[in-house]
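Each chain, written out:
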Amino acid sequence: DARVTQTPRHKVTEMGQEVTMRCQPILGHNTVFWYRQTMMQGLELLAYFRNRAPLDDSGMPKDRFSAEMPDATLATLKIQPSEPRDSAVYFCASGLGLSGANVLTFGAGSRLTVL
Amino acid sequence: RKEVEQDPGPFNVPEGATVAFNCTYSNSASQSFFWYRQDCRKEPKLLMSVYSSGNEDGRFTAQLNRASQYISLLIRDSKLSDSATYLCVVPEGGSQGNLIFGKGTKLSVKP
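Chain order of the listed sequences is A and B. Taking this note's numbering, I'd label the letters of the first sequence as residues 1 to 115. Taking this note's numbering, I'd label the letters of the second sequence as residues 1 to 111.
If you are wondering where the hints come from, they were derived from the structure by calculation, not from laboratory data. We put the CB at the ideal spot given by N, CA and C, even for glycine. Be aware that a few hints might be false.
Here are some chain B residues the structure puts well away from chain A; computed CB gaps all over 12 Å [said to hold, decoys possible]:
(1) Phe11
(2) Pro14
(3) Gly54
(4) Phe60
(5) Ala67
(6) Tyr70
(7) Thr85
Across the chosen pairs, the derived CB separations fall in these ranges [as the list claims (entries may be wrong)]:
(8) A:Asp1 / B:Pro10: 28 to 34 Å
(9) B:Gln69 / A:Leu115: 40 to 46 Å
(10) B:Asn12 / A:Thr113: 28 to 34 Å
(11) B:Glu3 / A:Leu74: 28 to 34 Å
(12) B:Gly16 / A:Glu18: 49 to 55 Å
(13) B:Ser81 / A:His10: 24 to 30 Å
(14) A:Asp71 / B:Lys42: 24 to 30 Å
The shape of chain A in the complex, shown without the other chains:
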């Protein structure tokens, strides 16, 4: 089965440190999404890309978060500096972005704890 691969699966870090999460989308998928999930907020969209171009990053705190797709096989989400309120599970998902419907396949997530 084709899958979305995320690393690291778990990360514990101290406040102020830089955190980089990586995602390998499914080969051939042209849309990539980053979501954050907490118990209180559910799944929140942080950013998404189509054909490697950022389409929407309005859900992302710009002062500390950045998302990039250096190539079609890699998407990154960086937090610098990290804060305790960033503790959450970060999911990457990819899809084949046709007009309208966009079925997503999620990675297993990166569970981040900021102390």
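Since the structure of chain A is already known, use the hints to place chain B on it.
Below, chain B alone, put in the same frame as chain A:
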């Protein structure tokens, strides 16, 4: 941003019961809808797509009411393995392909 609302539950039902969840959405332009299932500490996975008035897959039936802007998910003869959180998903609209996720409805099926 367009909204998707779900009853958070939890719905606690015995095995074999029929249970239904509703989801309301605000974007009247949406043409396709999805139900995702998320197990505890796992990623969401696609359960069903709904492109017209409804869709049926075994024990699962999804129905769409465009006039009232709600989608329902019906689970018949529920199994212990159906215990999960069910996420209603609605495209934000247009051709950009962004999806708006509801916060989910938690289902717990008891023996």
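* Out of the numbered hints, which ones does the structure contradict? -> 7
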